[in-house]
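Input sequences plus hints: build the corresponding full structure.
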Amino acid sequence: MDHLDKLESQSVYIIREAYKQFKDIAVLWSIGKDSTTLMWLVRKAFYGNIPFHALHIDTGYKFKEIYEFRDEWSKKWCMKLVVGTNDGSIKAGMGPKEGDKLSCCGQLKTDALKQTIDKYRYKALLLGIRRDEHGIRAKERYFSPRNKQFEWDYKDQPPELWDQFKNQQHGEQHIRVHPLLHWTELDIWMYIQRENIPIVSLYFAKNRKRYRSIGCEPCCNPVDSEADTIDKIVEELKTTNIAERSGRAQDKERAYMMQKLRALGYM
Amino acid sequence: MNNENLKFVIVGHVDHGKSTLIGRLLYDTNSLPEGKIEEIKQLCESLGKDIEFGYIMDHLEEERDQGITIDTAQTFFTTKKRDYVIIDAPGHVEFVKNMISGASQAEAAVLIVDAQEGVKEQTKRHSYILRMLGLSQVIVVINKMDIVDYDQKRFETVKKDLFNFLSNIKIKPSYVIPISAKNGDFIANKSGNMNWYQGLTLLEALDTFKTKENANEKPLRYVVQDVYSFDKRIIAGRVESGIIRKGDRIKVLPSGEETRVKSVEEYLKNVTEAESGKSIGITTEDKLFIDRGNVIVNSSDLPAITNRIKANVFWMDRIPFKKGESLRFRCATQEVNCAIEKINKVINSSTLALIAEDASEIKNREVANIVIRTDKPVVVENFNTMEELGRFVLGREDTCAGGIITELE
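Chains as they are written, first to last, in numbering that gives the first Met the number 0: chain A, 0 to 266; chain B, 0 to 408.
Keep in mind that the hints were calculated from the coordinates and are not lab data.
All clues stand as given, with none of them false.
Some but not every residue of chain A turned toward chain B, in silico, with C-beta under 10 angstroms:
(1) MET0
(2) HIS2
(3) LYS165
(4) GLN167
Across the chosen pairs, the derived CB separations fall in these ranges:
(5) LYS211/B <-> ARG193/A: 16 to 24 angstroms
(6) LEU3/A <-> LYS169/B: 34 to 42 angstroms
(7) GLU37/B <-> LYS90/A: 36 to 44 angstroms
(8) PHE229/B <-> LEU3/A: 23 to 31 angstroms
(9) SER200/A <-> ILE36/B: 31 to 39 angstroms
(10) LYS245/B <-> THR228/A: 31 to 39 angstroms
(11) LYS75/A <-> LYS245/B: 26 to 34 angstroms
(12) GLU64/A <-> SER325/B: 50 to 58 angstroms
(13) LYS22/A <-> LYS211/B: 28 to 36 angstroms
(14) GLY47/A <-> ASP357/B: 51 to 59 angstroms
(15) PRO50/A <-> LEU351/B: 47 to 55 angstroms
(16) LYS159/B <-> PRO50/A: 57 to 65 angstroms
Calculated Cβ distances over 12 angstroms to all of chain B for the following chain A residues:
(17) ASP70
(18) LYS75
(19) SER88
Each residue gets a CB set at the ideal place from its N, CA and C atoms; glycine is no exception.
Following this line, the structure appears as structure tokens:
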């Protein structure tokens with residue numbers, strides 16, 4: 000097996016473990032490159048099926064390309080799509096211009112996710128996060144428990160060795176499962192290239208700008224780039240030393256904001 | 000581009016310089032994102048400290064304040080030869096379970112020892128854990144040589160002291176390198192500060208190591224993870240060793256029933272075999288009862304089917320084990336209840352001193368030689384012949400010990 004085969008096999012193993020151990024699970028789909036790759040791997044693991052909910056947490060501020068992509072591929076891949084929104088906050092006018100970005104992310108993403116978990120009583124969630132994405136994520140385990148308030152006790156995580164993952168969940172706790180934890184950004188793009196995975200057009204350069212990381216439109220900035228094809232993106236990533244999330248406002252607003260968000264349960 | 004990727008763990012006593020070494024490795028291999036050094040410089044200034052490479056790895060506020068690495072963090076760099084994943088394992092005694100979690104994923108280890116402080120408690124404990132995990136590719140780096148004026152005598156003294164201990168536990172390091180992570184001596188570049196040392200730099204030494212060999216040559220062990228019936232009945236699992244092929248005559252353990260592989264199933268692909276490490280699916284000629292935990296084999300070289308196992312375990316839970324308690328035994332995808340029938344010996348994992356014989360409890364961070372009795376027979380092997388079926392964890396709600404099988408009856 001080559002490098003990508005090994006990554007793929009490990010992810011498929013983890014996805015199958017999560018499904019076997021927890022049954023009441025959902026996969027979080029932000030429609031970005033990582034979670035779309037995760038959907039691809041879920042379909043591989045289950046022979047073309049996605050045997051649980053695909054969950055899109057919608058702030059209402061996403062790019063229109065994201066909504067179009069979601070509607071097209073959720074149909075083509077026969078997803079049981081659940082769109083989670085914090086209607087209360089949206090009606091009350093919360094948005095990136097109201098208040099600070101921390102409370103906007105908190106209400107429109109974290110609280111929306113909490114409400115959706117409460118509603119469907121998921122025991123585990125599959126997420127497409129990677130260790131190389133951001134320092135704080137380097138500390139994650141493949142199977143990571145969160146309490147009802149979504150708090151992550153990173154100081155006292157259960158041991159994880161030899162692919163023996165946490166398989167018991169109690170009360171209000173839920174388990175975050177991270178099948179892509181060991182992939183890098185470059186791995187993801189090389190895999191998208193190899194497998195021909197469909198991807199939102201925002202990642203490709205238009206007028207010498209492209210998005211390396213996508214989320215809500217008001218809080219994402221494109222980076223300078225000529226890469227308008229997957230091949231060119233792979234080439235670009237082999238030489239760049241600009242951090243992937245450098246265009247994301249939420250990370251820049253203040254030092255450690257990512258950790259704050261994470262401790263509060265932001266995915 | 001060469002996609003080979005080697006995972007190594009950096010272990011050693013707290014404050015001997017692990018995080019600084021990682022920061023240095025990233026810096027010297029030009030692996031830091033733009034602006035990172037500036038960000039850290041500003042942060043150190045605001046905290047009233049000199050710039051420290053260690054901060055690159057220590058991302059959490061609490062950790063930064065306490066100055067210790069809490070959890071296993073991973074990061075990436077590249078040499079001309081290949082990509083590396085560094086696993087930074089905490090040196091603090093409280094976090095040994097995190098150290099084990101990190102080290103269990105590694106293919107090689109760098110053991111770091113402070114030239115001034117010499118061999119300490121966690122230096123020994125971590126070495127012991129490396130031995131227990133079966134890690135044989137080990138580099139020793141004697142760090143902070145700048146503080147001891149790059150003195151060869153001091154280097155030799157620490158080396159001798161360490162080797163005395165390592166030989167007891169049968170670890171033979173491949174290299175011993177004097178370094179200064181702070182100043183960059185013998186990390187990526189040779190240095191004029193130690194003309195008495197003619198050996199490799201740390202990066203050169205790492206480049207000589209081998210990535211984990213695939214287990215294709217070993218006998219087949221196909222471990223069943225789940226059974227699906229989406230369109231047809233597919234037995235999903237992972238080839239832990241050997242190769243599984245369409246048409247193979249196979250035996251399902253522990254039942255011993257036999258059949259043939261009708262097809263090898265991979266989504267959207269036409270395949271007839273799967274090699275070791277592959278998560279795959281198969282269908283069988285006969286409809287046997289096959290379930291999670293079963294081990295499928297294809298030769299006369301069989302694992303043991305037993306309910307009695309002799310093993311060494313490392314206890315990593317604050318709550319001690321007391322005789323009479325029932326635990327969960329998990330090996331590959333098998334999971335059964337078990338009792339510890341006998342605790343032959345309990346030893347201190349740092350000093351290796353014998354704590355008790357025929358004991359009745361095992362406490363946090365102690366190593367014990369035990370006899371396990373499982374409620375149902377399990378399919379297992381000696382760790383030295385087949386790692387994948389020779390290692391296990393013991394659990395309460397969470398994993399509380401890791402173990403390797405030393406003897407089978």
